[in-house]
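Visitor: Using the sequences and the hints given, assemble the complete structure.
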Amino acid sequence: MKNIYLLPNSYHLIGWILVVIFIPLGISHLFWNFEFSFLEVKFPWREGGFLNPPKVENLSNELFALGSLFGLVFISLARLTEEDEFTKTVRLKSWHFSMLLYSACLIIAIVFFYQFAFVYALVFCIYLPFVFFYVRFKLYMSRLNKAASAEQINE
Amino acid sequence: MKNKVKITRLTQNISQTELAEKTGVSRQTIYSVEQGRYVPSTVLALKICSVLDKRVEDIFELEPGDWETE
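Same order as they appear, the protein sequences are chains A and B. Counting in my numbering, the first sequence runs from 1 upward without gaps. Counting in my numbering, the second sequence runs from 1 upward without gaps.
Think of the hints as simulated: they come from the structure by calculation, not from any bench. Keep in mind it's a predicted model, so treat the numbers as computed, not measured. Mixed in with the good hints there might be a few duds.
[As the list claims (entries may be wrong)] A short, non-exhaustive set of chain B residues, derived as facing chain A with CB atoms under 10 Å:
| hint | residue |
| --- | --- |
| 1 | Ser15 |
| 2 | Ala20 |
| 3 | Ser26 |
| 4 | Arg27 |
| 5 | Tyr31 |
| 6 | Val33 |
| 7 | Gln35 |
| 8 | Val43 |
Heads up, the beta-carbon is just placed ideally off N, CA and C, and yes, glycines get one too.
Guide: In structure tokens form, the structure reads like this:
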């Protein structure tokens with residue numbers, strides 16, 4: 001499985017910094033319309049009006065969404081300090097688990113959420129695969145580390 | 001699949017860390033192999049046997065359940 005591309009380990013920290021900054025900003029934008037006024041941009045060539053891109057747009061939501069997404073991608077795809085065939089197998093199983101859980105969340109969103117609540121649910125669903133993957137992967141590796149350390153001490 | 005990695009390793013006084021370093025994998029990988037939680041690749045199995053100076057058939061053994069298809 002040498003053809004799996006993983007980011008360098010340093011991206012793990014960069015990812016966490018992005019997540020800590022942009023996810024709270026994204027949540028505050030989603031629920032309280034928080035925006036940075038300096039990110040307001042004018043597009044004079046746009047027509048504006050109903051169903052057309054607006055002439056004046058604040059890019060805060062794009063920044064918060066992309067910052068959060070890049071953060072989660074960096075965290076998920078950064079290699080461990082020790083990467084080998086076993087960790088790659090655990091990664092694969094974790095992504096499989098993540099996809100199953102993500103599919104269940106989508107089904108719940110489709111069945112139980114309507115109108116704008118459905119849009120809000122979908123916004124959260126964008127990030128769920130990475131969250132589910134990371135939690136599963138980290139929990140498994142952490143339990144394994146503890147068990148392996150305990151056995152090492154007992155030998 | 002059963003294996004005798006742990007027993008063979010202990011009789012030769014090799015630690016998990018040492019075996020992991022010599023085979024180029026993490027200690028957690030060796031632990032998982034010994035516990036039967038992970039079936040190593042052919043390359044890793046050959047490396048383990050090379051370090052322990054044993055044949056593959058002496059360390060790894062198929063079980064009846066391994067013949068069943070998923």
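Visitor: Check each numbered hint from earlier against the structure, then list the numbers of those it violates in ascending order.
Guide: none
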